[in-house]
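Participant: The primary structure of each chain is shown beneath.
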Amino acid sequence: MRDEQQRFRAAVLYSVTGGIGALLSLYLVWAMRALIVPTLIGALSAYLCRPLLREARRWHIPHKLAVLILLGAFMIGIGRVIGEARSFLTDESSLVELRVRGQFKINERYAAFKQNLPKWVLVEAEPLLRDLNKRLALSERESGVFEETMKTLDADDADRYRAYRQKNETHVRALLTEESRERRRLAKSARAAPETAPDAAVNESFLLSAVGILSLWIVMPFVFVFLLFDQGETLKSLVGLVPNRYFEVTLTVIHNVDKALGAYLRGVTLECGLVGLTFVVCLWLCGIDLKVCLAIGAIAGAANAIPFLGPAIGLVIGASYGIIAEEIHPILPFITLDNLLVGVLVTVAIAQTLDNVYFQPIVLGKAVDLQPLLVIFGVMGGSIVFGVAGMLLAIPVIVVVKVVFATLFKELRAYSLI
Amino acid sequence: MENTNTLWGNIFKPESDSGSASRMSVLKKIPLFAGLSRRELGRVSDIIHEREYERGEAVFLMDQPGAAFFIVMEGELDIIVPQDGADPLKLATIGEGLSVGELALLDASPRSASAVASKKTRALAFFREDLHKLLESEPFIGSKIYRTLSTIIGARLRATNAQLQKLTEKNGNAKNL
Chain C
143 MRDEQQRFRA AVLYSVTGGI GALLSLYLVW AMRALIVPTL IGALSAYLCR PLLREARRWH
203 IPHKLAVLIL LGAFMIGIGR VIGEARSFLT DESSLVELRV RGQFKINERY AAFKQNLPKW
263 VLVEAEPLLR DLNKRLALSE RESGVFEETM KTLDADDADR YRAYRQKNET HVRALLTEES
323 RERRRLAKSA RAAPETAPDA AVNESFLLSA VGILSLWIVM PFVFVFLLFD QGETLKSLVG
383 LVPNRYFEVT LTVIHNVDKA LGAYLRGVTL ECGLVGLTFV VCLWLCGIDL KVCLAIGAIA
443 GAANAIPFLG PAIGLVIGAS YGIIAEEIHP ILPFITLDNL LVGVLVTVAI AQTLDNVYFQ
503 PIVLGKAVDL QPLLVIFGVM GGSIVFGVAG MLLAIPVIVV VKVVFATLFK ELRAYSLI
Chain B
14 MENTNTLWGN IFKPESDSGS ASRMSVLKKI PLFAGLSRRE LGRVSDIIHE REYERGEAVF
74 LMDQPGAAFF IVMEGELDII VPQDGADPLK LATIGEGLSV GELALLDASP RSASAVASKK
134 TRALAFFRED LHKLLESEPF IGSKIYRTLS TIIGARLRAT NAQLQKLTEK NGNAKNL
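These protein sequence lines map, in sequence, to chains C and B.
Using my numbering, the first residue of the first sequence is number 143, and each one after it goes up by one.
Using my numbering, the first residue of the second sequence is number 14, and each one after it goes up by one.
What the hints contain is simulated information worked out from the structure, not anything from laboratory work.
This list has only true hints and no planted wrong ones.
Think about it this way: if two alpha-carbon atoms lie no more than 16 angstroms apart in a straight line, the pair counts; the simulated EDC-like pairs of lysine to aspartate or glutamate are:
| hint | chain 1 | residue 1 | chain 2 | residue 2 |
| --- | --- | --- | --- | --- |
| 1 | C | Lys378 | B | Glu63 |
| 2 | B | Lys103 | B | Asp91 |
| 3 | B | Lys146 | C | Glu197 |
| 4 | B | Lys41 | B | Glu53 |
| 5 | B | Lys146 | B | Asp120 |
| 6 | C | Lys206 | B | Asp59 |
| 7 | C | Lys378 | B | Glu142 |
| 8 | C | Lys378 | B | Glu65 |
| 9 | B | Lys133 | B | Glu63 |
| 10 | C | Lys378 | B | Asp59 |
| 11 | C | Lys544 | C | Asp400 |
| 12 | B | Lys146 | C | Asp400 |
| 13 | C | Lys401 | B | Glu149 |
| 14 | C | Lys401 | B | Glu142 |
What follows is a set of in silico ranges between Cβ atoms, one per label pair, in the way DEER data are often shown:
| hint | chain 1 | residue 1 | chain 2 | residue 2 | range |
| --- | --- | --- | --- | --- | --- |
| 15 | B | Met37 | C | Ala173 | 40 to 50 angstroms |
| 16 | B | Met37 | C | Phe551 | 31 to 41 angstroms |
| 17 | C | Phe368 | B | Met37 | 23 to 33 angstroms |
| 18 | C | Leu474 | B | Arg160 | 50 to 60 angstroms |
| 19 | B | Pro123 | C | Ala440 | 42 to 52 angstroms |
| 20 | C | Ala176 | B | Gly167 | 51 to 61 angstroms |
| 21 | B | Ala105 | C | Met522 | 50 to 60 angstroms |
| 22 | B | Pro123 | C | Arg196 | 26 to 36 angstroms |
Heads up, the beta-carbon is just placed ideally off N, CA and C, and yes, glycines get one too.
Same shape as in the complex, but just chain C (with noise of 0.2 angstroms):
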């Protein structure tokens, strides 16, 4: 009777406890949610790292000097992409002038293939450059820039690069006389205008969102260095909660999740590589600088992970490119300044067909069997739920849930245990 009553207080105790830890941490996961993506990102580059650690032990080097090393690595690496990038993007003299020349090319190319383009795509186009040509306009303080920064180059390309500003001068001229003329003749019919936000107010919001972002991707290289130390600790306390009736069933879950999610990531990370060494090589071969080769493919190539989407953003960078590159040496010898447009489209559509015909299948293989109906719903998802990063994530996360429930119900079944 005493031990029925002992019994009864322990289900009780466990049952309320247990309730209101598991309210607690599905509150905790809801009020972290934004913390989610990055904890997750931070997560998959530590696990992506995992086989480097584990090469390193093979070669006898202990696993805090190797990651050290590793980080050491990532460091310089980063440090090197970012000097680049500044280099290029803080020197606001080189901005001015690929804005100008940007500016240019984009109306030149605009202007010689508009009397090709069907109406209902000049419709759409027209607002969409008229908005980019004032967004690319020069204030008067850039003007003095460009001035300086023309002093600075060869007399050739100086007197060019000024012609390209008086163009687009007066192409922003006339199209701001033109948006004048119109708005007085919607105000005549609607006699109101709308109102726009202060400059100072969209800033300080977009400062704010920045501190905000930045504040929540920290977390990123804090998860991704403590799980590079992690030796398995954290899985071994994991498994260590789980009652000993499912622990083998568990360990052999969490082994066909590792061997699934591993093979998944080694086979696109192989076949983002694979892709962007197609865009280097291909663009090199059209006479684009190598450094600028480089860095497309390296975006064409890490956007690749996206499905759909990847593709889209390799095409937009490289086509970018090739509308406003000033100077080629193609290798291939009908490749020239005014068809290189024509080269990067061909550029894409071979890395494109390369990745579906060849890498794919023989790279990613069986890794992921998954229907292309859920992976593209899952990659909606990801999107509409968290943005860009929700849709790089969406596809290993199906993979991971895809192996849970498989192995689960498989294991469970063979352990006699439903």
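Given chain C, work out where chain B should sit, using these hints.
Facilitator: Same frame as chain C, now just chain B:
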């Protein structure tokens, strides 16, 4: 109820005073790890799982796929074969510093008997896939363990053959009589 207790016991278990040192001292006595140096034993100790079983709780059951090899740190395990409508047949008792389920390190073949804790028991579990990973990342440790495992299994096979031969001879003698 027992499982619930184990779960909560695992969550709130007190800090083990023995810890890694006690695990190492147990591992040192296990024939499977006999050829390993102290540093190599430390690596095995890093990947091994520690479990606690209540009296009467099963460590593994007959016919279930084997995934881990168990070493008794404290307590005792009964190796039994369940009998239809009768008490289970007790084959052996595995005490402190002894191990059970080496064959699970080779493949997921069904267990040939059940192991049940006859008193509160603390055991170490060595997962097969962890051994495979060890073989890949540190082949010099993994291969030593596999070599010892094959020696142990070979010795058992020879013992079984000898027993079988004795039984055959006994049966032959009985027939002749």
